[in-house]
Amino acid sequence: MNEYIDKLKSLNLANYGHDFLLTWDKSSAELEATLYLAELLRERHRLGRSNLVFNSGLAVSIFRDKSTRTRFSFASAANALGLAVSDMDEEKSQVSHGETVRETANMISFMTRVIGIRDDLYLGEGHTYMQEVSDAVQSGFEEGVLHNRPGLVNLQCDIDHPTQSMSDLAMLKNYFGSLEALRGKKIAMSWAYSPSYGKPLSVPQGIIGLLTRYGMDVTLAHPEGYSLIPDVVDLAGKQAQAAGGSFKLVNNMAEAFKGADIVYPKSWAPYSVMEERTSLLKQSDRSGLLALEQACLSNNAKFTDWECTEEKLKLTKDGKALYLHCLPADITDVSCEQGEVSKSVFERYRHYTYLEASYKPFIIAAMMFLTSVKNPLSALEKLAKSYEV
Amino acid sequence: MNEYIDKLKSLNLANYGHDFLLTWDKSSAELEATLYLAELLRERHRLGRSNLVFNSGLAVSIFRDKSTRTRFSFASAANALGLAVSDMDEEKSQVSHGETVRETANMISFMTRVIGIRDDLYLGEGHTYMQEVSDAVQSGFEEGVLHNRPGLVNLQCDIDHPTQSMSDLAMLKNYFGSLEALRGKKIAMSWAYSPSYGKPLSVPQGIIGLLTRYGMDVTLAHPEGYSLIPDVVDLAGKQAQAAGGSFKLVNNMAEAFKGADIVYPKSWAPYSVMEERTSLLKQSDRSGLLALEQACLSNNAKFTDWECTEEKLKLTKDGKALYLHCLPADITDVSCEQGEVSKSVFERYRHYTYLEASYKPFIIAAMMFLTSVKNPLSALEKLAKSYEV
Amino acid sequence: MNEYIDKLKSLNLANYGHDFLLTWDKSSAELEATLYLAELLRERHRLGRSNLVFNSGLAVSIFRDKSTRTRFSFASAANALGLAVSDMDEEKSQVSHGETVRETANMISFMTRVIGIRDDLYLGEGHTYMQEVSDAVQSGFEEGVLHNRPGLVNLQCDIDHPTQSMSDLAMLKNYFGSLEALRGKKIAMSWAYSPSYGKPLSVPQGIIGLLTRYGMDVTLAHPEGYSLIPDVVDLAGKQAQAAGGSFKLVNNMAEAFKGADIVYPKSWAPYSVMEERTSLLKQSDRSGLLALEQACLSNNAKFTDWECTEEKLKLTKDGKALYLHCLPADITDVSCEQGEVSKSVFERYRHYTYLEASYKPFIIAAMMFLTSVKNPLSALEKLAKSYEV
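Chains as they are written, first to last, in the numbering used here: chain U, 10 to 398; chain R, 10 to 398; chain S, 10 to 398.
Since the hints were made in silico from the structure, they are not lab data.
Hints are supplied without guarantee of correctness; some may be wrong.
Each pair may be met inside one copy or between any two copies, as identical chains are not told apart.
Here are the simulated BS3-like pairs of lysine-lysine, each with C-alpha atoms no more than 30 Å apart in a straight line [claimed, not checked]:
#1 K182 / K391
#2 K18 / K391
#3 K383 / K311
#4 K75 / K326
#5 K267 / K182
#6 K18 / K182
#7 K383 / K394
All values derive from a computational prediction rather than experimental measurement.
Please put together the full structure from these sequences, using the hints given.
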């Protein structure tokens, strides 16, 4: 405990800011603080010690997409710190009645300490919406309408999925022993075949946007046409160079897997399809959307061999790369006829994917803590004295 | 703090009762107690001090209409006092299975300390329903089925909207400096044009039913045919007379605005339309309802000049009347083509409408506290000793 | 308090296990511990004393059927012990995306202390599903994915409804003075007419599966063809014999009522119909389902005289048997034209049915406590020292 606190003291917690929207907006020290605090909260939880730092207050969640694990991770994190979850269910609200984002954001925040938002369905929208909410609560706080500036945590947007990528990083840190041990490790972030359509880009973008900062050799693999948002790909390249690692793009899953220490095979929709889809949705062009889905699914079908099989895994470092997935995976012969990963591979790594997921509530709790608690270090010192079960 | 407690000691908290349904059922001392306690809880919240008075217990909400700010205000208030919100979602329940109100009210109350109900859609129903719930939990308590008599808070019915009108009163008290300062102030509670239909009458009724008790000059303005429930209008007249203020009714927005210190332009459906609508709804007469909506909208359209514009505001006291609204407002060129208020007026007063809304969670918390805590004064004294952040 | 604790010390709490799925999987000592703890928690609640044993943690509810009282009982119990309810709403989750039960169960459990499941719609499914969840969280705990093994509470399955039957037992214990006093008492668990269709079998099965263990004379009555799951009926017979009571089956309500100390008239669908219904549902055979419903309703209509009337009650012990019902009842002339019970009988016993229901939150709290708290006795001793209101 004291070791963790000393580590956290050495990092710049005071300037952490009230938002966690994109990992690349955060300094390395801030990311490290998030990781160390998540581990500390996790260890305290394991020992049955209290992580309560708020005596009351709301954690508001806004989910614009279905969710199981992020919803429960958010609820768990809020509860662990002492906040009550209040879900902003847009169907039950008057949001449609011409309220502006600015107004709603303030109206739900009078006693709110944290807002978590998942808005990943439309390119160009999720992150923009989160920024609007951030601006709204910031000015509400400055104008004295809100007593506290609620922290804002991105639970997945169109650009990044920081609670996922940071959980993945926590998993890798513990699997390989330290952040330093990640230097030089090769990860294959690869597209994989799925019979479904329209999966967001934020997981692969989050991975290449985060892991390139740790000196890793990051390979992004996808069929031609399945590219990500160009700005994020550019950023990944620049970060890799700055960190002394590498970033490259290939159009072949097997090639990406060669010698990899970690593989992350996961489906997504092509950037251009997501753009077209967003525009058709805005026009409510139903037949256009249907045609797009058909075209996309039949294009996907050309790449059914982008599956993470035992054979492909043999290409990795000693045939033993760590398999990662944000779950739920499309598992061949389990959840679909043909999918992202073969049943035997998934089963063999099931334990690791569950462990990977287990970091998320603690990562979210750490983000809530650092964006919302007024003096994180003194709150931590107070916690350290608490042995309550 | 001590000043507030002394003030509250001087008011008659012991007879406050377990229900807050209509402001006109409450004595002036009880209303003052609610206001002062709300301010005290607000100030403590601003300073980061705990308002926890329950160590556990449920606050059950029953929303029969969509809601954003009341829902979050209720959740915030419950949480601040230490209660967990449990929403009685009638779709997920067996209410339709022939349960009586009496039965359901008891079944949800075994560990419930507060029930909040919003039921504002049908004339003649909301308040009646709340009274049934009140009777049910009262007899459940008396018969030993319930260990506590849950407090009942009206979150908006067909007749009154006390959490709104009391928040408005708190806003006015703080804007003008004291309740005494309201004496002689002129408020124009005016109908305003909206492109929508069927808005409840409870806000204007709540305003004239409350503010006429404070010696204010209250003018109710609406086009001919847009009258409110006659009993409430009568009551407003009598209260104004008793309090040494005035109450008058005009059919002209501009006339109402002349010399006003406060304007409250807000749309509602005519009483007679709401009555007809309720009767058609009971008969499930779909074509009748559609015809009524059309007739009502086209009648509304005759009164599009009932908009709160900069020009009309110039008619008010020094051209600077305070603009109030319960939100969300129909803002011309923002949420609709033509609405209740012009964009520039709304923008200029936005801060005040947000502040107005910010009182609501604390007003609700004060109502919960006074209707549900067994010995409010000793609970307050216990709180006063708590400096916990 | 000390008396209760001494009693609980004498029972074998350490081997209680983490699941409460079927009462007949629990030893008599475990059932007694549940009852005594429920009473202790209830008495503490009545006195306004804290029952908080967790400082944080989630209680996850999974409702696959509509529910009012069980939902609120679960929420109340969780809150009383210090847990926050998080509802696993399958529509808002990604459960449909090919997740396995094993995966979902772990994903929602990282900070979860209790899982409550209601899954009573399909024969052969509810209990099986609960066992899968149990296995999943057990292995997640053993493999270090979960820090705690969440307790699992059956909130009604296709076979048993233990939170109901245990509440009924608590009611009987208090009505007759002790568990010992139940020996030789006659209960008529009888089918009753209802205009609805497809009611689960778990209430009558739960009653005969539990009360036959207390030396009672249990008579199960239903029209021919309305039988229960044969295994449960067999079990009831064996248990009655072992406990020195009796169990018999008759096809006549009046006969069952003769001399009864307690009557429990309640509708259910025939076992064979539920089996056919489950199979038609799996085939999505809509016309088959409609035909089955029609056939079943018209068969029901042959037995409209299976109503608990004043006349039938006169047949019971001194004409004063205790009337039990799990609520909501189908009450003739109240919730339907003709139903399970006459209005005057129901009204006369209303108080008792409400009391019967009032045990449920405490029974659930006791089950949560015993399945989830690490050292129940020391937690109880800690509670005993707490006089906090």
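Hint check against the structure, violated hint numbers in rising order: 3, 4
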